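Number of protein chains: 2
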Amino acid sequence: MVVASGSRDKTGFFTQGVKLKATMVDMARSMRKLGQEDPRRVVHSLKVGLALILVSALYNYHPLYSNFGTNNTIWIVMTVVLVFEFSVGATLGRGFNRGIATLLAGGLAIGAHHLTKNLGRVGEPVVLGLLVFLQASISTFLRFFPKIKASYDYGMLIFIMTFSFISVSGLQGHVIFKLAWERLCTVSIGGAACVIVSILVLPVWAGHDLHNLIALNIEKLGNSLEGFGDEYFKTKGGEACIDDKEILEGYKSVLNSKKSEESLANFAAWEPPHGRFPFRHPWKLYLKVGTLARECAYRIEALYGYLNADMQESSEVSNIIQEACTIMSVESGKALKELALAIKIMVQPSSADSHIDKAKSSAKNLKSLLKSGIGEDIDLLKVIAGVTVASILIDVVTCTEKIAESIHELASTAQFKSAEPTLSPEKLHSGQMKCVKSPQILNCPHVVINVSESTPPSSPSESSSAPKASKQRMDLYHLFLAQDIS
Amino acid sequence: MVVASGSRDKTGFFTQGVKLKATMVDMARSMRKLGQEDPRRVVHSLKVGLALILVSALYNYHPLYSNFGTNNTIWIVMTVVLVFEFSVGATLGRGFNRGIATLLAGGLAIGAHHLTKNLGRVGEPVVLGLLVFLQASISTFLRFFPKIKASYDYGMLIFIMTFSFISVSGLQGHVIFKLAWERLCTVSIGGAACVIVSILVLPVWAGHDLHNLIALNIEKLGNSLEGFGDEYFKTKGGEACIDDKEILEGYKSVLNSKKSEESLANFAAWEPPHGRFPFRHPWKLYLKVGTLARECAYRIEALYGYLNADMQESSEVSNIIQEACTIMSVESGKALKELALAIKIMVQPSSADSHIDKAKSSAKNLKSLLKSGIGEDIDLLKVIAGVTVASILIDVVTCTEKIAESIHELASTAQFKSAEPTLSPEKLHSGQMKCVKSPQILNCPHVVINVSESTPPSSPSESSSAPKASKQRMDLYHLFLAQDIS
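Protein chains in written order, with UniProt numbering: chain A, 1 to 486; chain B, 1 to 486.
Some clues are possibly wrong.
[Claimed, not checked] Capping the alpha-carbon separation at 25 Å, the derived lysine-lysine pairs in DSS-like fashion look like this:
#, chain 1, residue 1, chain 2, residue 2
1, A, Lys-178, A, Lys-117
2, B, Lys-33, A, Lys-147
3, B, Lys-252, A, Lys-402
4, A, Lys-19, A, Lys-33
5, B, Lys-288, A, Lys-259
[To be verified] So the derived list for chain B, only partly shown, Cβ under 7 Å to chain A, looks like this:
#, residue
6, Phe-13
7, Ser-45
8, Val-77
9, Phe-96
10, Gly-129
11, Ser-137
12, Lys-147
13, Ile-160
14, Asn-256
15, Lys-259
16, Arg-299
17, Gly-305
18, Ile-384
19, Ser-412
Note that these hints are calculated values from the structure, not bench results.
Only a predicted model underlies this, so the values are computations on that prediction, with no experimental measurement involved.
Note that CB positions come from ideal geometry on N, CA and C, so glycine has one too.
Build out the structure end to end from the sequences listed, making use of the hints.
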């Protein structure tokens, strides 16, 4: 019995050991994945360590600290930990909030002490308590304002904290001044360490991230649309060139990107000019593009519901509808990808217009064709999925046009370069096509190399940029062009 | 010249005064609006003030503080300001994070001091510095894990801060123990003040809010769908009963509710049993319902693109399609509203099934009707909008069914009461109808009164709960039922 129990214990111990090992391996794997997804995460972690080391070194070897004493130096460490954020903009925003709030609250608290110092041993704490109650309540309420919440939430917290502490502390006269001065110094030292490390060591700019996120989202929509066209075509016997599910469903991450875009735009507003982004770069316009991209993503979500819908046996009508759908989705997709590239390399997005025109004329032709009558007693049920897809795609084309307009506005406000007509569109396309397989436009250094070789705006040789993946599709497109009657 | 300048100055001063007044009035108005939207914001602000007053009073009148000294008492104030959140769950979460992180970091830092104390005057700070660097880097990296970010982000910050401070401080032996003990005491007092005020004074439960938010979102979808049916019908000469744009477009707020739902579910997990929510209430299932509701909202967004689409002159086919659309959207809308009510009053949502069945059979009938052929040479363009709307609505009916399934799962897991068949469905409907005009289900106290009088699950008298707003629609519905051939 004892032996059995002992052996069971050993087996249990062994099993637990194996489980623990599996958990550790899992954890190591997901840490590696987290770092590989965005190596800047690793850099950021090391930067926080570095900033702390810097203030520690200052603490251990600098005479400055002897003036402050242990209890004050914690504020330097605390400031570093609470202010150091992932991007420069977020760090500057928090540092600014902390500095200004400390200054304001300190000043007001000293004023409050001055006002109440003659009220006696009972009166003074009562009135001070009332003031603390009032400012805490009012400041807390102000934090509910969306605008204050977005940019000054941390400052409000520090304001309440500093005012309350100085008021409650019961300190008098010059001791308060000394305390307030020391607090300001420590906060400044900590804040400066954060800002310096954040900007000087491999800086992460929120503005740059917002710029890339918007370009990436538009590119994902483009890939999903182009992929939809190819997949839809494949069901009719054609050959699909994109079948990676991850790329097809890229639009899904656009559906819920509102919060990230808004916070990046908020942080970007704190940042100084950097890289290709000058002072007063129109960050708000990125949000406009983002909103329109989301509206397009909602349509694509509706569209993807029909990707695997029952296909009825083909008829002449459903063939025509499906071909038109393919053109609309592929051309909208190409237009969106050109727009994404234009944002990425900061040139005027003129090359997208020809694709939009093609998508629009395909929509128009489809309408005309249907209007002129098919001349046979058709079965509505057989074309219902096709008609719906066509109808949503017409909507998508409109969305694409709106996105293009908003990007044109962004490009002219932000003074993007004009595209130089030095290269044939094929080259640009070949450069871009490599991007299709990559989940992140950020990882396409070759795109940047193409900057000075961008495409001419709707040149006479425009037709050479038309889709070549499928000859059948191309022929149909010409058929549609020839049939344009309206 | 001098006079003119002076008069201009006066005018300028006056204009500025008027502007300042306008700004003040604007601000007061938006503060009032903010408070009226959710009066709990005002209560929360006063609660924060109250908690601060409590710890101040303790500070001024309790001998406890004499043991701590000024520099330690700031930690009580700081804990109150940083831990006190809007909901009980968030407050408990932050308090727990702060307490555990302080304890852990304090213990580890003391251990680190113990290990390094024999390394000499140069060796000790160097090794301690290395340890600070390592723990700060690793902890910062761990904060990027989504799960840790969601529940333990604040704890990680406090951990880095406390460990770094104690390691860097250069304090020795019993001084460190005293410091760590004092820190733990102050954090406990501050945390206790927060938790007590948060729970005892008009508590805001995140779980309750999540429950209401999900019910409200489902209700908004229902209103939008029902409104769509009515609006769509109105364009054909019928009379619409909902034309408040705010209610029609309620679905829009569902599109971006993911983040709020997730954070509420996170906070709810920290909360003790409260009100109607027992221990281990299945908060995760609410997120599932929320995700399905968002998918439905994407479809409704696509649908609303066709609300103002050009209506072609009516034909027999488009009439049939539009009538079927009206039934599908109105019945799905009614089903969603019944489901919302079932969540709200926590009963089994059986009464919604009959509406879903009607919507489904309408979809089926439409398909059969189209399949049996219309027998005339129809103009596809004239029915394209109708066919698209019908097709999206068939998708919406599927979504509604999925939502109903997930709510059934929620109801059985959370052991909602069964509906008691003591009242005819009309009464419930009349009670519910009052809700339609109200933008928030939360503000419908009369609904709660109906709890024990809820509707029987698909009783034989089911047809009496059919839509009565429009006789014409009803007749068509019966026509469809009679024609059911599949």
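25 Å limit on alpha-carbon distance, applied to hinted pair Lys-252 (chain B) and Lys-402 (chain A): Holds, because 19 Å separates the two Cα atoms, which is no more than 25 Å.
Proposed interface contact between Ile-384 (chain B) and chain A, which counts if any beta carbon pair is under 7 Å: Result: holds, 6 Å to nearest chain A Cβ.
25 Å limit on alpha-carbon distance, applied to hinted pair Lys-288 (chain B) and Lys-259 (chain A): Status holds; Cα separation ~20 Å.
Given pair status - Lys-117 (chain A), Lys-178 (chain A), alpha carbons within 25 Å: holds (18 Å)
Status of the Gly-129 (chain B) interface restraint (C-beta, 7 Å, chain A): holds (5 Å)
Restraint satisfaction for Lys-147 (chain B) [CB to CB of chain A, less than 7 Å]: violated (10 Å)
Closest C-beta approach of Ser-137 (chain B) to chain A relative to 7 Å, hint status: Constraint on Ser-137 (chain B) satisfied, holds at 4 Å.
Chain A contact restraint for Ile-160 (chain B) - C-beta distance below 7 Å: holds (5 Å)
Restraint status (C-alpha distance of Lys-19 (chain A) to Lys-33 (chain A) at most 25 Å): This hinted pair holds, its Cα atoms lying about 21 Å apart.
Proposed interface contact between Gly-305 (chain B) and chain A, which counts if any beta carbon pair is under 7 Å: Nearest chain A Cβ about 5 Å off; hint holds.
Arg-299 (chain B) as chain A interface residue, shortest Cβ-Cβ below 7 Å: holds (6 Å)
Hint validity - Ser-45 (chain B) Cβ closer than 7 Å to any chain A Cβ: At about 4 Å, which falls below the 7 Å cut-off, the nearest Cβ of chain A leaves the hint on Ser-45 (chain B) intact, so it holds.
Of the numbered hints stated above, those contradicted by the structure are hints 6, 9, 12, 19, listed in ascending order.
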